[in-house]
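Participant: For reference, the chains in residue letters:
Number of protein chains: 4
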Amino acid sequence: MREPLTEEKVFKDPVHDYVYVQDQTIWELINTKEFQRLRRIRQLGTTYLTFHGAEHSRFSHSLGVYEITRRIISQFERHGYPDWPTEERLVSLCAALLHDVGHGPFSHSLEEIFDTDHEVWTCHILLGDTDINKVLRQVSDDFPDQVAAVIQKTYPKPIVVSLISSQMDADRMDYLLRDAYFTGVNYGTFDLERILRVLRPYQGKIVVKESGMHAVEHYLMSRYQMYWQIYFHPVTRSSEIILRQIFRRAQELNEQGYAFRWMSGPLKQLLNNTLQLDDYLKLDEPLAQTAFAEWADESDELLSDLCRRFLHRQLYKYVTIDNPDETLLLEVTDALQAIGLNPDYHMEIDYPFDLPYDVYRPDQNNGEKREKAPILLLDSEDRISEISVKSDIVRSITGLHQGQYHLYFPEEPLRQNKALLSERMVKLFKLD
Amino acid sequence: MREPLTEEKVFKDPVHDYVYVQDQTIWELINTKEFQRLRRIRQLGTTYLTFHGAEHSRFSHSLGVYEITRRIISQFERHGYPDWPTEERLVSLCAALLHDVGHGPFSHSLEEIFDTDHEVWTCHILLGDTDINKVLRQVSDDFPDQVAAVIQKTYPKPIVVSLISSQMDADRMDYLLRDAYFTGVNYGTFDLERILRVLRPYQGKIVVKESGMHAVEHYLMSRYQMYWQIYFHPVTRSSEIILRQIFRRAQELNEQGYAFRWMSGPLKQLLNNTLQLDDYLKLDEPLAQTAFAEWADESDELLSDLCRRFLHRQLYKYVTIDNPDETLLLEVTDALQAIGLNPDYHMEIDYPFDLPYDVYRPDQNNGEKREKAPILLLDSEDRISEISVKSDIVRSITGLHQGQYHLYFPEEPLRQNKALLSERMVKLFKLD
Amino acid sequence: MREPLTEEKVFKDPVHDYVYVQDQTIWELINTKEFQRLRRIRQLGTTYLTFHGAEHSRFSHSLGVYEITRRIISQFERHGYPDWPTEERLVSLCAALLHDVGHGPFSHSLEEIFDTDHEVWTCHILLGDTDINKVLRQVSDDFPDQVAAVIQKTYPKPIVVSLISSQMDADRMDYLLRDAYFTGVNYGTFDLERILRVLRPYQGKIVVKESGMHAVEHYLMSRYQMYWQIYFHPVTRSSEIILRQIFRRAQELNEQGYAFRWMSGPLKQLLNNTLQLDDYLKLDEPLAQTAFAEWADESDELLSDLCRRFLHRQLYKYVTIDNPDETLLLEVTDALQAIGLNPDYHMEIDYPFDLPYDVYRPDQNNGEKREKAPILLLDSEDRISEISVKSDIVRSITGLHQGQYHLYFPEEPLRQNKALLSERMVKLFKLD
Amino acid sequence: MREPLTEEKVFKDPVHDYVYVQDQTIWELINTKEFQRLRRIRQLGTTYLTFHGAEHSRFSHSLGVYEITRRIISQFERHGYPDWPTEERLVSLCAALLHDVGHGPFSHSLEEIFDTDHEVWTCHILLGDTDINKVLRQVSDDFPDQVAAVIQKTYPKPIVVSLISSQMDADRMDYLLRDAYFTGVNYGTFDLERILRVLRPYQGKIVVKESGMHAVEHYLMSRYQMYWQIYFHPVTRSSEIILRQIFRRAQELNEQGYAFRWMSGPLKQLLNNTLQLDDYLKLDEPLAQTAFAEWADESDELLSDLCRRFLHRQLYKYVTIDNPDETLLLEVTDALQAIGLNPDYHMEIDYPFDLPYDVYRPDQNNGEKREKAPILLLDSEDRISEISVKSDIVRSITGLHQGQYHLYFPEEPLRQNKALLSERMVKLFKLD
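Residue numbers (full-length UniProt numbering), protein chains in the order written: chain F, 1 to 432; chain H, 1 to 432; chain Y, 1 to 432; chain P, 1 to 432.
Just chain F, with the same shape it has in the complex:
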């Protein structure tokens, strides 16, 4: 074990006021080049094209997750709760700080196109030849493995995992508050201090004192609001579609042996699916944006058009459709082709619930890869119940599915060729 810092370090943070660093290990991790790289990856991907304030990076979010975890543990220690394994403090803090370190540029969008997974990269960074690995190994030889196990949810003590990954973990609590702050909406605010105060370590789990049930309800309702007003915003979806199509087109061209005017090593390897750690670490959003700026001048018109759309925020328009049945889709496809558009790129149907979010589900033992521990209440007689059993409002919103189909498409070419479209299509695309 390494000594604490002789003097506490602080970071001024808009969400938590201050982030406190008390351990030499945490301080050194923050100063590694791999962690500093998170300053070049936005927390919310392309959301800044919808909410202009949302320009914050994964760097600040990672500090925030660390800080919430630190406060939870500090509270457990201050009260001396016997069910908290005090020796797990540092591994928990490191996992909290580093849980997102493997994210690449616009991760969620890229992971849909390429065979890549940020969690796998996080583990490569923890275990590979990196500065982070060097710092972690100073704690002990198997410390990098321990931190990686927490992130992979295979760590032997589930209470440590649940700090970072459960239905109400430090990760979610930070991003809801942070994304609300930077977008400027007030939906995402909930009473963090009260929730921290009612958390209890109990028999290998983190549970909530029943007196805090209303605060948890408030957290879940804030989450619901954030999903619908921020995360699923159809304009953000439009920018993600453009982004995915840029990479899809670049990959397609690459496979066809197209000679790019401009290419960089890490991008080439991404397109080839041959990324190694060193190059992965060079993939950041400035590089992606520089590529888009260069590709805006490529001779492939599809690629250059998509890149200009992204850079200059000329996104696809969307219309809401009730029922995207086969017949309708065929008709739309035919209409686009008839005016010289490419349906593979110039239209997309989006249904929000393809997304990895849900308001709240009490049990997820449904064979999914990732099961998030449910929220458990502890009553005054030490009985445990899952929150939707006790809370009418949580039960009533559990599993609530909402959302509409949206059809995305470039407006101008359709408007220019309106005369060639059927009346039904003109109405569908709202070109009147």
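Honestly, I wouldn't trust all of these hints.
A pair counts as met if it fits within one copy or between any two copies, since identical chains are not told apart.
[Unchecked claim] Derived lysine-lysine pairs resembling BS3-like cross-links, with alpha carbons at most 27 angstroms apart:
id, residue 1, residue 2
1, K317, K390
2, K430, K9
3, K430, K12
4, K33, K317
5, K134, K9
6, K12, K427
If you are wondering where the hints come from, they were derived from the structure by calculation, not from laboratory data.
For chain F, the structure is supplied; the task is to place chains H, Y and P on it using the hints.
Facilitator: Just chains H, Y and P now, with coordinates in the frame of chain F:
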């Protein structure tokens, strides 16, 4: 003149809650590629390396300046003040929105190295072959010139200029509030709504009702706090030094005919001082950061070291020195050379008041290029006085100079060669 | 009609920043003694005994309801919506300002004991020999009747009534925000500015543009949280029980001809149910609290004990009970009597849903006296739908009943006589 | 010593989010009737007549001072600073909680009229036959004396005194933040968390780490703003004048043997200057307001007029005067008498700096009863300097005197008798 929008557009803004767009011209200006480019230029340059929240762009600041200007004018119109020339509304709004459109990446630092001036570029963008020019010309043929005149402070009606450029203009009011919000400090907050309410158009100037004097005092004190705690922060100065040295070194190498491993067209022209508008518009912070990442692998060790320092935030250390006299500087220079460092790059003395800020100066008719109109109070008998005549606190802080000399240097090589340094130097560099 | 104020007046308000007064009539109404009296009536009754910040008065709430109404109307006027009858501005503003002017001290509690109704008193104040009536009559002879009609919901234009009284009226919007601010909880905050922006006058009703549905959902969820965490708080219920019992006992003693050590004219008339307007206006919370302080020394032990409990905040304890059946109640009654307590005063069963609140009900055409207009959405094709038809989350919480039975009792005498109680009663009263 | 609480208690507080109670003694003190009485004394006296939100009580302020003190001490303990005497924790917390317990209704105004001093009463309450004394004696027999010594600033360890009473003590820090919150102004906000973090116990004093100097400057500037915009507001001064005159007139009548229609025991003793502890504790603001309401019907016209003015907020008007010399005053006096007014009651000259405030004074060893310890900075080499030596801005505002003479008078009788006044007087009173 063009028609208003049929439906008001809004942007959710963390500082002003909402930004309202009511004119077709404003809406189209925001959607030009030159304005969208401001999303790729940070408002506070390298400050995000000191305050991690300060990742906001000039895009959001420009919307904010527009919104404050809109609210001032809307208040003038609502009360029907006769001294407000109502026909100046649109030119004022356009100038507010576009006043920063010529900023390049890390402008303030770059302007110290290269022969470039963001205000000149702003006028090129307004008057050249750009989308912005096209939108402005739809108002009238000379409208681009009018907007440029406001920005150049040569517009015939000084009241319009003073909205955008005076001791208490929409620009400053937005950036103080916005920078305070994103850094997370509460020094910069003042009562914007009250100040807006006490502004009055009066004989070609904008003055403040005397009953609002305390609100103005509060604004000036907030400004004072922001300068000392945010804008002059010595860690931010350190990152700016690194940044300037990167460009100074690159320029030096370029002059020497050095073959860069990696170069891009716009950067090459910047280094050659031959930038044209098209390439200037391609210069953004993602491109600069991509260059730094590539140059981190250059064979020139000085350039690659500086680039790595910037990317991985391994900044120069600083110590406070009382009196940077010749003797001391010579001694420091000799000491650095003795251990193989280059004093041209590995040290820098910084005195905050070389910076283009001051707390408040009532008159600036001192031959400077830019004179900022002072803050004038209007009493109940329609007499005007400059605020420092009436306010003891403003008078007492007027012209207050504060600040210390800081010596910046790379810590590690000095620490490694500590044995070769004199005791006095060891103490100066705080290597104990 | 009377002229506007030559100069706008403002009140600094913690919730709305500033309250703007633009009409001579509104300014004079605020300065009447009957309106100033609202400074001596707390907005939340005894809630300050649970949340110490909740000391705000009905005066500030009334200004807030006025201000929200003013903003709604100002927005209607600015956009020139044809369905807003512009001539109804002043009557709407006056009704908003005065809607609560008839409230007495701790109204909700007193109205359960005495045959009194604050809305009836409001109309007496509007129509009787008062300063408010004088100011209103300066507008026109029938203006007091018009304002009273809005408050009684009999005004011929329902759109005016719905500003003040509907499922999402200015009254509710102000009190949710205000009570949240003063208690210090953040459950009650919602996006007021956005809601104001999506309100539309439409065919005699106020409807919500469908694009604002999520903001309305957020408002309803905030309301839900406020009810459960503030308005129904069991400690507040306990203080209300004490308060009601003080008045119940005083009335009982008065009927028995008890000679009070201290009595005041207005209180005597309250107890006799013979209150006239003049005396009603003298009934305020300082008078009630002075009475409690004096009655704390009365010879009637029940009355003096209750008064001391209220003054010194020695409230009844409560326990949650599942099913308050006859058998249990009889057993509790017997137990209390056995140790010399008076079950009429020393116990009370409370079920929160006896209270005049509900989360949201779309239709209330169930014969109730007061029907609150439901929230209607207006889609892009001008179709109207009630919100719970469109919003899954509103539908899922509509009519949700929640709440538990609580048994209230004085703890000390029970604890002192614990030996005399059955084991079952000791357990029920949690005396272990 | 008594045990800690088995379970921490919390109070929801709008300013500090939560107030934490961890000691049985603190919990019991809060529940005494003498402490609960503070709910019936407003923190800011008559300020609510100027800023309607300022209705908060000394109860919430006292909890706030306690909470800040608790946080300071907790930070000292967490870092294990050797200069903090850990055994002084409880006495410090009790003194913080109770420092204002002796305040009566509208204290500052009343103390100017009657021979009474809230600090003396605080000590009577701590040492007399009260519930508070009983709770304190459970700690030890001399504990009440110890707490009283802290409040009287005679406690042997000055570091304990300085927590509660110095230029930057817990009392001032709470009231600035709290008064700013409830009035709704944002002048009073400063970075409490940062200040708490830079406080250090050092050689019997509490000093500030020099790196926190700017945060202290910000605190002092906030204080300056609060004085001028809230505490010295001329409308508040007007209401205080009315209040003092009510009591002055009541005292005068009492001395003359006037038979009051209504009188209460504690008030009678106040007027007679024969108050004993029991009756003092019955003096609260509801009683004072009830008296005003009753006296509004007294036959003495002066008293009834003053009471009506206070209740219905019909305050004296004020005008600013440059130089209240003898000649002017005589002329005003004569003018008032000429139209039948009483200059002893119907006029008052007010100069704000008669008030017990000042922006900041480094040394106050000027024979005053109360010397507030100055703010000391501790540099990195453990040298101490008074802040105005290091901070230019503090030095520049130190001892700054500002403020204007105001003349207060009832407007209506002067306006009605305008014809009888000289032109000069009409102009002075602004009756045009």
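Participant: Hint by hint, which ones does the structure fall short of?
Facilitator: Violated hint (a single one): 6; every other hint is consistent with the structure.
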